[in-house]
Amino acid sequence: MHLALFLIFAAICVAGAVNLLAQRHPINSALSLIAVMAALAGEYLLLGAEFVAAIQVIVYAGAIMVLFVFVIMLLNAGEEEETKGSRVAIVLGVPGLLTGAVLTAWVVVRYSAGEPVALGALPGHPVEIAQLLFHDFLLPFEVTSVLILIAIMGAVVLASKPEATERKADR
Amino acid sequence: MPVGVFIIVSIIKSLILLIVLLTAVAYSVWLERKVVGHMQNRWGPSRVGPFGLLQPAADGLKFLFKEDLTPSHVYRPLFLAAPMIAVVFALTSIAVIPFGNSITIAGYRIPFEIADVNIGLLMVLGVTSMGVYGVALAGWSSNNKYSLLGGLRGSAQMVSYEIALGLSLIGVLIQSGSFSLRAIVDAQGGHFWGFIPRWNIFHGQFIGFFIYLMAAYAETNRIPFDLPEAETELVAGYHTEYSAMKFAMFFMAEYANMITVGCLATLLFFGGWHGPLFGPSIVQALLPLFWFAAKVFCFLFLYIWVRGTLPRFRYDQLMAFGWKFLLPLAIANLVATAIATVVW
Numbered sequence: 339m340h341l342a343l344f345l346i347f348a349a350i351c352v353a354g355a356v357n358l359l360a361q362r363h364p365i366n367s368a369l370s371l372i373a374v375m376a377a378l379a380g381e382y383l384l385l386g387a388e389f390v391a392a393i394q395v396i397v398y399a400g401a402i403m404v405l406f407v408f409v410i411m412l413l414n415a416g417e418e419e420e421t422k423g424s425r426v427a428i429v430l431g432v433p434g435l436l437t438g439a440v441l442t443a444w445v446v447v448r449y450s451a452g453e454p455v456a457l458g459a460l461p462g463h464p465v466e467i468a469q470l471l472f473h474d475f476l477l478p479f480e481v482t483s484v485l486i487l488i489a490i491m492g493a494v495v496l497a498s499k500p501e502a503t504e505r506k507a508d509r
Numbered sequence: 009m010p011v012g013v014f015i016i017v018s019i020i021k022s023l024i025l026l027i028v029l030l031t032a033v034a035y036s037v038w039l040e041r042k043v044v045g046h047m048q049n050r051w052g053p054s055r056v057g058p059f060g061l062l063q064p065a066a067d068g069l070k071f072l073f074k075e076d077l078t079p080s081h082v083y084r085p086l087f088l089a090a091p092m093i094a095v096v097f098a099l100t101s102i103a104v105i106p107f108g109n110s111i112t113i114a115g116y117r118i119p120f121e122i123a124d125v126n127i128g129l130l131m132v133l134g135v136t137s138m139g140v141y142g143v144a145l146a147g148w149s150s151n152n153k154y155s156l157l158g159g160l161r162g163s164a165q166m167v168s169y170e171i172a173l174g175l176s177l178i179g180v181l182i183q184s185g186s187f188s189l190r191a192i193v194d195a196q197g198g199h200f201w202g203f204i205p206r207w208n209i210f211h212g213q214f215i216g217f218f219i220y221l222m223a224a225y226a227e228t229n230r231i232p233f234d235l236p237e238a239e240t241e242l243v244a245g246y247h248t249e250y251s252a253m254k255f256a257m258f259f260m261a262e263y264a265n266m267i268t269v270g271c272l273a274t275l276l277f278f279g280g281w282h283g284p285l286f287g288p289s290i291v292q293a294l295l296p297l298f299w300f301a302a303k304v305f306c307f308l309f310l311y312i313w314v315r316g317t318l319p320r321f322r323y324d325q326l327m328a329f330g331w332k333f334l335l336p337l338a339i340a341n342l343v344a345t346a347i348a349t350v351v352w
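Chains as they are written, first to last, in the working numbering: chain A, 339 to 509; chain B, 9 to 352.
Please keep in mind that the hints were generated in silico from the structure rather than gathered at the bench.
Misleading hints may appear alongside valid ones.
For each label pair, taking beta carbons as the anchor points, the in silico distance ranges come out as [claimed, not checked]:
| id | chain 1 | residue 1 | chain 2 | residue 2 | range |
| --- | --- | --- | --- | --- | --- |
| 1 | A | Val356 | B | Arg50 | 36 to 44 Å |
| 2 | A | Leu384 | B | Val13 | 20 to 28 Å |
| 3 | B | Ala191 | A | Leu470 | 17 to 25 Å |
| 4 | A | Val397 | B | Ile15 | 27 to 35 Å |
| 5 | B | Ser18 | A | Ala497 | 46 to 54 Å |
| 6 | B | Phe59 | A | Leu345 | 24 to 32 Å |
| 7 | B | Val28 | A | Lys422 | 56 to 64 Å |
| 8 | A | Leu470 | B | Ala66 | 55 to 63 Å |
| 9 | A | Val445 | B | Thr112 | 35 to 43 Å |
| 10 | A | Val356 | B | Val28 | 25 to 33 Å |
| 11 | B | Met253 | A | Val397 | 43 to 51 Å |
The structure displayed is predicted, hence computed values, not measured ones.
For each residue, glycine too, the CB sits at the ideal point set by N, CA and C.
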């Protein structure tokens, strides 16, 4: 049962990722990425990490990808054109990627410890994650949030045009 | 419980819930037309059956037999997928909502919900946040400026108010200490001083409920926040180009979302299925379901009442209200609840 579900989600994930690259229209690519995110959330659930799975859906599939789709809709981006560069990328990229994947798989199978991690062996419950975030690693967590706040303020400063503030001052 | 029994029980529960939910959706449309009609001093549906009670069936038949138009310049795959996305996510989120305690049949304990997951609340939030795509893609794929404007408005509004919605729930989470909807309801059992029920709304979460209510109206695109489908400016917004059953699917999604939001409000702020129990044991077993349904009904009635009362916001007012009023208020409520919980 567990293995079957893993294979189904993994297949959706890989198919979505391949489709993301193969599609010409940006909105189809964005939707494939949503499918990948959702299938990854399923994999997290199978690992017993319910909280991470829920956050994956809420934050990535539900919020960040909405912004992607939103921007594509606003800019009305059309289909991509195939250039010489993209043909070279296909010719070199596909064999390169396949070789890399096979090598990685071989290394993992050959040198990994062998025993798969048991369900529930790693922290995944909301209480455990909260303990880690707000107790054991409180300072790094808060520092990261300040860093993000600074990035947001920087974006606001960069995005606001100087003329707009001048006009306000004139009034 | 063996896997086979589990699967059969789950399928039966899903079927029952789906039928009940779709009937509730059909009759909340009837209720809305009837109540708004009376508020506007007219009768509402009154021709089909007694009190117009068969109107939903007639509407359903009409939707089925109408010509299913697909305009020529739409982006077909997404145009077809958008209503399905909307309705699928609207119906999925009901799966983790508990309606009552459990019953025991043939030695198996069967809870009144499809799936008892310990992150139930997050699950509902995640699924509803995916529902945005139905609106956004419908607007974009229709290849129509009114639809596009409606879709853009809808997705911007839903993403903005989701933050206030999520923050308004954290107060409840702090008090109950769990994401599980069942545990949240169980924490609300009992009474203060013997007569005031220990519901979260009487337990310091009144402001939280107010924020939740406002954000929920915006999330479900209802008046006064129904800008994505503002008739006076956008024809019909994101579903301008849809007809027949595809249009009906957006309609169903909207009302199913209303019911989900009502169920969530009942569970989080109004004590779920808790209520006075009396009478013989069979009545005692069914009363929790009745209390739950009655509370959800009150919530739906409030929705309709507000629809009959308030005009629509302007778009800049909507955004200013969400970001400059609801969000700070939600954060203040969160801090106040956290301090109160630590002090007492």
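Against the structure, the hints come out as follows:
Evaluation of the 36 to 44 Å hint for valine 356(A) and arginine 50(B) yields a failure: the beta carbon distance comes to about 57 Å. The given range of 20 to 28 Å is respected by leucine 384(A) and valine 13(B), whose C-beta atoms sit roughly 22 Å from each other. Checking the proposed 17 to 25 Å range against alanine 191(B) and leucine 470(A) shows it holds: the Cβ atoms sit about 21 Å from each other. The hint said 27 to 35 Å for the Cβ distance between valine 397(A) and isoleucine 15(B), and at roughly 32 Å that hint holds.
A C-beta distance of roughly 49 Å is found between serine 18(B) and alanine 497(A), which places it inside the suggested range of 46 to 54 Å. About 53 Å separates the C-beta atoms of phenylalanine 59(B) and leucine 345(A), a value inconsistent with the hinted range of 24 to 32 Å. The supplied range of 56 to 64 Å is met by valine 28(B) and lysine 422(A), whose beta-carbon atoms lie about 60 Å from each other. The hinted window of 55 to 63 Å between leucine 470(A) and alanine 66(B) holds, with their beta carbons roughly 57 Å apart.
Between valine 445(A) and threonine 112(B) the beta carbons are some 52 Å apart, a value that contradicts the proposed interval 35 to 43 Å. Separated by about 40 Å at the C-beta atoms, valine 356(A) and valine 28(B) break the suggested range of 25 to 33 Å. A C-beta distance of roughly 34 Å is found between methionine 253(B) and valine 397(A), which places it outside the suggested range of 43 to 51 Å.
In summary, the structure is inconsistent with hints 1, 6, 9, 10 and 11 from the numbered list given earlier, while agreeing with the others.
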